[in-house]
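Colleague: Each chain is listed here by its residues.
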Amino acid sequence: MELLFKTKKHQVQPAKDNKSINIDDVLHNFEFRRIDKNHLKINISGVWQDVFIAEDKNHYYVNAEGTTYHFDKVHNDGNDYGEGQSANEDIINVKPPMPGSIVKILVEQGQKVTEGDGLIIVEAMKMETTIYTTIDGIVTEINVSTGEQVDADKVLMVVEKEKASE
Amino acid sequence: MFKKILIANRSEIACRIIRACKEMNIPTLAVYSEADEFAQHVKLADEAVCIGPAAPLQSYLNMDAVINAALENGCDAIHPGYGFLSEKHEFNKKVREAGLVFIGPKPEPMKLLGSKVESRITMIEAGVPVIPGMKTSSKNISDFEEMAEKIGFPVLIKASDGGGGKGMRVVHKLEDIKSSVEAAMRESQTAFGSEVVFLEKYLESPRHIEFQVAGDEHGNFVHLFERECSIQRRHQKIIEETPSTAVSPELRQRMGETAVKVIQASNYTNVGTVEFLLDKDNNFYFLEVNTRIQVEHPITEMVTGIDLVKLQIRIAAGEAIPFKQEELSQNGHSIECRIYAEDADNNFMPSSGKIHFMKEPVGPGVRYDSGVYSGAEVPIFYDPILAKLIVWGKDREEARLRMINALKSNVVLGVKTSNKFMQTVLENQHFIDGDTCTNFIDSHSDDLKFNSTASLLHAFAAAALSEDTNQTQTVNHVARQLNSSPWLEIGYWEIAGGSR
Numbered sequence: 001m002e003l004l005f006k007t008k009k010h011q012v013q014p015a016k017d018n019k020s021i022n023i024d025d026v027l028h029n030f031e032f033r034r035i036d037k038n039h040l041k042i043n044i045s046g047v048w049q050d051v052f053i054a055e056d057k058n059h060y061y062v063n064a065e066g067t068t069y070h071f072d073k074v075h076n077d078g079n080d081y082g083e084g085q086s087a088n089e090d091i092i093n094v095k096p097p098m099p100g101s102i103v104k105i106l107v108e109q110g111q112k113v114t115e116g117d118g119l120i121i122v123e124a125m126k127m128e129t130t131i132y133t134t135i136d137g138i139v140t141e142i143n144v145s146t147g148e149q150v151d152a153d154k155v156l157m158v159v160e161k162e163k164a165s166e
Numbered sequence: 001m002f003k004k005i006l007i008a009n010r011s012e013i014a015c016r017i018i019r020a021c022k023e024m025n026i027p028t029l030a031v032y033s034e035a036d037e038f039a040q041h042v043k044l045a046d047e048a049v050c051i052g053p054a055a056p057l058q059s060y061l062n063m064d065a066v067i068n069a070a071l072e073n074g075c076d077a078i079h080p081g082y083g084f085l086s087e088k089h090e091f092n093k094k095v096r097e098a099g100l101v102f103i104g105p106k107p108e109p110m111k112l113l114g115s116k117v118e119s120r121i122t123m124i125e126a127g128v129p130v131i132p133g134m135k136t137s138s139k140n141i142s143d144f145e146e147m148a149e150k151i152g153f154p155v156l157i158k159a160s161d162g163g164g165g166k167g168m169r170v171v172h173k174l175e176d177i178k179s180s181v182e183a184a185m186r187e188s189q190t191a192f193g194s195e196v197v198f199l200e201k202y203l204e205s206p207r208h209i210e211f212q213v214a215g216d217e218h219g220n221f222v223h224l225f226e227r228e229c230s231i232q233r234r235h236q237k238i239i240e241e242t243p244s245t246a247v248s249p250e251l252r253q254r255m256g257e258t259a260v261k262v263i264q265a266s267n268y269t270n271v272g273t274v275e276f277l278l279d280k281d282n283n284f285y286f287l288e289v290n291t292r293i294q295v296e297h298p299i300t301e302m303v304t305g306i307d308l309v310k311l312q313i314r315i316a317a318g319e320a321i322p323f324k325q326e327e328l329s330q331n332g333h334s335i336e337c338r339i340y341a342e343d344a345d346n347n348f349m350p351s352s353g354k355i356h357f358m359k360e361p362v363g364p365g366v367r368y369d370s371g372v373y374s375g376a377e378v379p380i381f382y383d384p385i386l387a388k389l390i391v392w393g394k395d396r397e398e399a400r401l402r403m404i405n406a407l408k409s410n411v412v413l414g415v416k417t418s419n420k421f422m423q424t425v426l427e428n429q430h431f432i433d434g435d436t437c438t439n440f441i442d443s444h445s446d447d448l449k450f451n452s453t454a455s456l457l458h459a460f461a462a463a464a465l466s467e468d469t470n471q472t473q474t475v476n477h478v479a480r481q482l483n484s485s486p487w488l489e490i491g492y493w494e495i496a497g498g499s500r
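Protein chains in written order, with the numbering used here: chain A, 1 to 166; chain B, 1 to 500.
This is chain A alone, in the form it adopts within the complex:
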């Protein structure tokens, strides 16, 4: 199977006899006990750990030895369902850090902005967060208004790099 952890994809495949596991092309000695649906005892290369796991449609949530990892499931359609801004540096799709409401829009459509300018203020769980532009460019789209409730995947506005004049 394929898992996305932070920005990197990882290949994980237990052997058929479940005595070894292949992780990113390295073979490890492997053994496990299933305690219940959410709890496993796993031995990799001689080290036993208690591991707790839960999942939803797009993620695995795993806790081992006091550390919790969030993995994105990599679906067969090739999309990783990961979060985050568009990687293309010529255009940024501004998304809120989490679901919340729009407190104030600091720019207007068509406005020129420079890296570090505040774009919009979002509030969630009683905390205001200002989202800043990471590129120089023009605000080409504003898709929300003040007071609106938004989900984390909503594109609030779009900033595009100015095309060099011809």
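These are computed hints drawn from the structure, not numbers from a lab.
Just so it is clear, the structure is predicted and the values come from calculations on it, not from any experiment.
Note that CB positions come from ideal geometry on N, CA and C, so glycine has one too.
Don't take each hint at face value.
To be verified - Reference listing, derived: stretches of chain A covered by chain B, where coverage requires no fewer than 3 residues with Cβ under 8 Å from a Cβ of chain B:
id, stretch
1, 64-74
2, 90-96
Said to hold, decoys possible - Each computed DSS-like pair below joins lysine-lysine, with the alpha-carbon atoms no more than 30 Å apart:
id, chain 1, residue 1, chain 2, residue 2
3, B, K408, A, K19
4, B, K201, A, K112
5, A, K8, B, K173
6, A, K37, B, K354
7, A, K8, B, K354
8, A, K37, B, K201
9, B, K354, A, K57
10, A, K41, B, K359
11, A, K112, B, K173
12, B, K93, A, K9
13, B, K43, A, K104
14, A, K57, B, K43
15, A, K9, B, K354
16, B, K359, A, K9
17, A, K95, B, K449
18, B, K173, A, K73
19, B, K408, A, K9
Dock chain B against chain A, hints included.
Modeller: Relative to chain A, chain B alone:
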């Protein structure tokens, strides 16, 4: 004693209060918003009633809805918890006018002490040391700018009616004053219903030391020693301990006496907290009084053996404080870690969603005050506190090690928490040495970064096994269970071989 108490709050503190009431044989009524129908406090209370939509202003901050719920359901007292309406003197007054008991101080001392601006003036007059800054609030941005230039940057902008770090901003340069004052005003308006903010000097590297106090209707005033709450992020405490490593017996006595003087002067009756900042030279400055139960009250309970919520209820019912100052002592050491739904990797941004699975730590000296459960939703509308993990040890080192192990076995899956981050803090040499200050997290941020991948392979393996069970119930898993058939005991097999 009261016939039935309405708990005007949610999450872990509502559950904490309900437990105290159960032990006192007092029936409880929970109130909840439409987002909290399946919340833990609703399940725990004897009765529960919905008081409005998810938005706090329409439910938990709606005074009339809360008071009406109490009147319509035979309650004779209201416990406000912390946050929400707990420090609103208008609410306090309305509750009393409706013929109900407000479990907390009277409205007048609450009004005086609850306002950072007014209490500051009172303390200056009483000769209690305060931090340099604006004497009163202003709506005029230029007043803020003038004072900032006079006392020098950095400065702190604070909501007069605030608490818990909400509506507070540190400002380093003049051009940021306007936007910060406006942001603090908006935050304060949403969280506390008032946009009064003021400005004071931002002390570098102080410790936050607070004293638990109590007064009753019979003229008794006591303090229950200090709590050190220096480990903060975004001016909000996340780790607290008592006793403080910075407070000597002599300093404890002086600060304790000052704390008692503060509540005595204002004729404060019920449980409260006097907050101080302590600088490197052991000078202490009055910060504010919290006229309610604190989030971190359990650590005081652990070392004094006194149940502060029951004490609140008894004092509100007119009883005298059942102990004297000289009968109190600190036994051992206690630490609390706040389990917030937040992302320590991303500037502690709140995290909402569903808790798919959780497992609470257990063991000697371990206490878990929780407001959630496996399957609970964490709504976006409220403070993201999920639970508080509290430990007691015979000394600081035992408590510290106990907390590290308890955090390791505290499992919350589905939302992010700062569980691992707090382990890193407790393992930091400066913390071990007791060398803490309110900017501990910022000043040691490089040391506190964790890129722990020690268990990453195990985590990957668990995900792979989990996928396995979802798709095909492979034979090997079943073979490990008892009472399986010989066919299953022979291990992985398939008819006619071939590749899988």
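Colleague: For K9(A) and K354(B), compute the direct alpha-carbon distance and say whether it is at most 30 Å.
Modeller: Given pair K9(A), K354(B) holds - Cα atoms ~25 Å apart, limit 30 Å.
Colleague: For the pair supplied as a hint, K8(A) and K173(B), confirm whether the alpha-carbon distance does not exceed 30 Å.
Modeller: violated (39 Å)
Colleague: Can the restraint linking K37(A) and K201(B) be considered satisfied, given a maximum Cα separation of 30 Å?
Modeller: Given that 30 Å is the threshold and the Cα spacing comes to 54 Å, the pair is violated.
Colleague: Given the proposed pairing of K408(B) with K9(A), does the C-alpha separation stay at or below 30 Å?
Modeller: holds (26 Å)
Colleague: Hinted pair, alpha-carbon criterion (30 Å max): K41(A), K359(B). Please report holds or violated.
Modeller: Judged against 30 Å, a Cα distance of about 15 Å means the pair holds.
Colleague: Does K354(B) sit within 30 Å of K8(A), going by the straight-line distance between their CA atoms?
Modeller: Between K8(A) and K354(B) the Cα gap is close to 25 Å, so the pair holds against 30 Å.
Colleague: If you count the residues of the stretch 90-96 of chain A with a beta-carbon closer than 8 Å to a beta-carbon of chain B, do you get 3 or more?
Modeller: violated (count 0)
Colleague: Taking a Cβ-to-Cβ distance below 8 Å as contact, does the stretch 64-74 of chain A have at least three residues touching chain B?
Modeller: With 8 residues in contact (Cβ-Cβ under 8 Å with chain B), the coverage given for the stretch 64-74 of chain A holds.
Colleague: Are the Cα atoms of K359(B) and K9(A) separated by 30 Å or less?
Modeller: Cα-Cα ~29 Å, so holds.
Colleague: Mind checking the alpha carbons of K354(B) and K57(A) for me, to see if they're no more than 30 Å apart?
Modeller: With Cα atoms ~12 Å apart, K354(B) and K57(A) stay inside 30 Å; holds.
Colleague: Is the Cα-Cα distance between K112(A) and K173(B) 30 Å or less?
Modeller: Status holds; Cα separation ~25 Å.
Colleague: Given the hint that K43(B) pairs with K104(A), does the C-alpha gap stay at or below 30 Å?
Modeller: violated (37 Å)
Hints 2, 4, 5, 8, 12, 13 and 18 from the list above are not met by this structure, while the remaining hints are.
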